[in-house]
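Undergrad: Protein sequences, first through last, are from chains A and B. So for the first sequence, numbering that gives the first Met the number 0 puts the first residue at 0; every next one is plus one. So for the second sequence, numbering that gives the first Met the number 0 puts the first residue at 0; every next one is plus one.
It should be emphasised that the hints constitute simulated quantities derived from the structure, not laboratory data. Some hints could be false.
[As the list claims (entries may be wrong)] Partial pick of chain A residues on the chain B-facing surface, computed with a CB cut under 10 angstroms:
| no. | residue |
| --- | --- |
| 1 | Lys10 |
| 2 | Arg88 |
| 3 | Thr92 |
| 4 | Thr94 |
| 5 | Tyr95 |
| 6 | Arg151 |
[To be verified] Covered by chain A, per the in silico footprint, the following chain B stretches (three or more residues, Cβ under 8 angstroms):
| no. | stretch |
| --- | --- |
| 7 | 75-83 |
| 8 | 91-102 |
| 9 | 140-146 |
Owing to the predicted nature of the structure, the values given are computational and were not obtained by experimental measurement. Beta carbons are placed, not taken as given, at the ideal position from N, Cα and C, and that holds for glycine.
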Amino acid sequence: MLTTVVGHYPKIPNRPRPARLRQAIARYERGEITREELARIEDEVTLEVIQEQVEAGIDIISDGQIRWEDDQTYIARRLSGFEINGLVRYLDTNTYFRQPVVVGDVRYQGPFLVQDWRFAQDHSPRPVKAILTGPITLARLSQDEHYRHHERLVMALAEALAPEVQALAQAGAPLVQVNEPLVLWHPEDVPLLRRALETMLAGVTCETALYTWFGSIERVYPQLLELPVDTIGVDLVSQPRNWQVLGQHPFPASKKLGAGIVDGRNTRMEPVEEIVAAVRHLSRIVPPDRLYLNPSCGLEYLPREVAQAKLRRLAEGAAAARQQLGVEA
Amino acid sequence: MEMALLTSAVGSYPKPDYLVRARNAYAQGKLELQELRKLERQATEYWVRVQERVGLDVLVHGEQERGDMVAYFSGEPGGVVIEGMRLGGLVRSYGNRYYHKPIIEGKLRWPGPMTVDMWRFTQSLTDRPVKGMLTGPYTMVEWSFNEYYPTREDAVMDMALVIREEVKALVAAGCRYIQIDEPAIHTRPEDDFAMAVEAFRRVVEGIDCEFHTHICYGPIEKIYPGMLELPVKQIHLAFKNTGFQYLKLLEEHPWPADKVLGVGVTDVHNHKIESVEEVVEGLRLVLKLLPPHQVWALPDCGLKTRTPEEAEGKLRVMVEAVRQVRRELGLD
């Protein structure tokens, strides 16, 4: 029963700590520093957030996606065939992302996540998972002016991302996580997601995960369990009904559950007992050795200090639960 | 003059440089509140005179004292604090933009008049009516963290009571038009829309005043025609930025005879000042579907992100376009 994170981590701290990345980006946009100087600040902030996750006691961390402007454009800008358009709201949040527009054939142009992962792992005492946004979500949140055909776009994305996923596995990433929140809004995409994952993960031998958030899993469950990944991530906070849906179906012995039990979108601190109660409930559905405990989503919806406090609380709750349930980490 | 095709604005105007500097200095403890208030009023008077010389019918005070439409009521420097709220840490909104997201940490209570002094001051400067400007209960809660209430609905309903007290105080001071903005109302159209409308009803029910609302960018098609249930005289939408696409909705489901449509006729996110002819064309499209007494012309949204010159330019073009259309219709 290990603790982990779902995705991004807040990029800047609050006063009195300096907002270095915010200042560096502003200076870069004004032409006062070079791309290389900005990249150095991104590296330094990545080291800070690695340390914060480790200090909080999280078992499997991420690089915090510090270099990602949002979940979509970081990838879209690095594949061929995309232009980046104006701001649109991200699902039901008060955050916005620039919408990718597909204007040509989507193709792989060389590695980018591999360098990010290697840098993070080289500087982390804990395993670092590699994270990418999946083809269904990228396609659903982009405007397609080229293929004008959802299935063709999704499969083109899957083929374009496959070399990156394989490179990550070969580089030694212990776990590759594909984020697919949009499949919850488009249950008809589950069979297509299956084909896309088969393409992306062909020959990948490291552990794999598929995470969702914000939505109800009702319309895609238990079909999600048939996807060719080791772990399925479910947000149990935004949609409390997801608890019932999980409980209604036997959880297969071949799968692990990534349980989002700490609210990544609200500053209210879950008491340790609440986390223990959640784990107790979960252990009736999934044996603890096939359980990951994590926040309900990425943590950028919170101020940085609260994000770290949430992770610390998650680790405390997990430790208390292990003790009370008599299981090992 | 017939009460048709009136002109107004949505809320905010750009802050002059001296006020931006003063707000920063105040936030850092380097300026007295009294001095900040003086400069806020100076800037407010500037915008009243701009609106008068441009020829707006119903004025706004320009929100020179506000940074953010939610954080202003939750303790931003120089702002006010609804009881039970406080300002939280920085959260990223997009790109390199961050804001202090408020936190609801206790039972929400009205702390006494929050906007009345500024409204009264602004109204004292002019014979034209000045709108009262508030943020609606759903948006106030949706754009805050909630550490206190078990559900979003509980928080929204208590927030409605807070806003209602402020509405009553504005009306008691003599305010005849109050605009209550709900830009977040379409965040969860299926789950929350009916609740947001009910909260709005609790804010205004039984109070004698003309209420308006402004709903900006977002999936308007998902809340139309449901949004017509909002208990207001006028609903304002950003038409210009969306290429007057909302007219298709009005073609499918007619706009009711008892409501005024506030039409955003200039794009607030564009430096370019529209031509008079372009604004006239937009108004003509709307007037194919609605009689002039059901139409007001406004910018798409608050103008605070423009330069002062651009903001005035956009208002001027809007008023000139309305005058031309009024002449064509024989309204003057």
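Undergrad: Given Thr94/A as an interface hint, is the shortest Cβ-Cβ distance to chain B below 10 angstroms?
TA: holds (6 angstroms)
Undergrad: How about Arg88/A: closest beta carbon in chain B under 10 angstroms, or not?
TA: holds (7 angstroms)
Undergrad: Is the interface hint satisfied for Thr92/A? The criterion is a beta-carbon contact with chain B at less than 10 angstroms.
TA: OK, holds: Thr92/A within 10 angstroms of chain B, min 8 angstroms.
Undergrad: How about the stretch 75-83 of chain B: do at least three of its residues have a C-beta closer than 8 angstroms to a C-beta of chain A?
TA: violated (count 0)
Undergrad: So, Lys10/A near chain B? Judge it on the closest CB pair being under 10 angstroms.
TA: holds (7 angstroms)
Undergrad: Cut-off 8 angstroms, C-beta pairs, minimum 3 residues; does the coverage of the stretch 91-102 of chain B by chain A stand?
TA: n = 8 at 8 angstroms, threshold three: holds.
Undergrad: Are there three or more residues in the stretch 140-146 of chain B whose C-beta lies within less than 8 angstroms of some C-beta in chain A?
TA: holds (count 5)
Undergrad: Tell me if the interface restraint on Tyr95/A is satisfied: Cβ within less than 10 angstroms of some Cβ in chain B.
TA: Holds. Min distance 4 angstroms.
Undergrad: So, as I understand it, the hint says Arg151/A touches chain B; can you test that by seeing if any CB pair is closer than 10 angstroms?
TA: violated (26 angstroms)
Figure legend: structure checked against the earlier numbered hints; hints not met, in rising order: 6 and 7.
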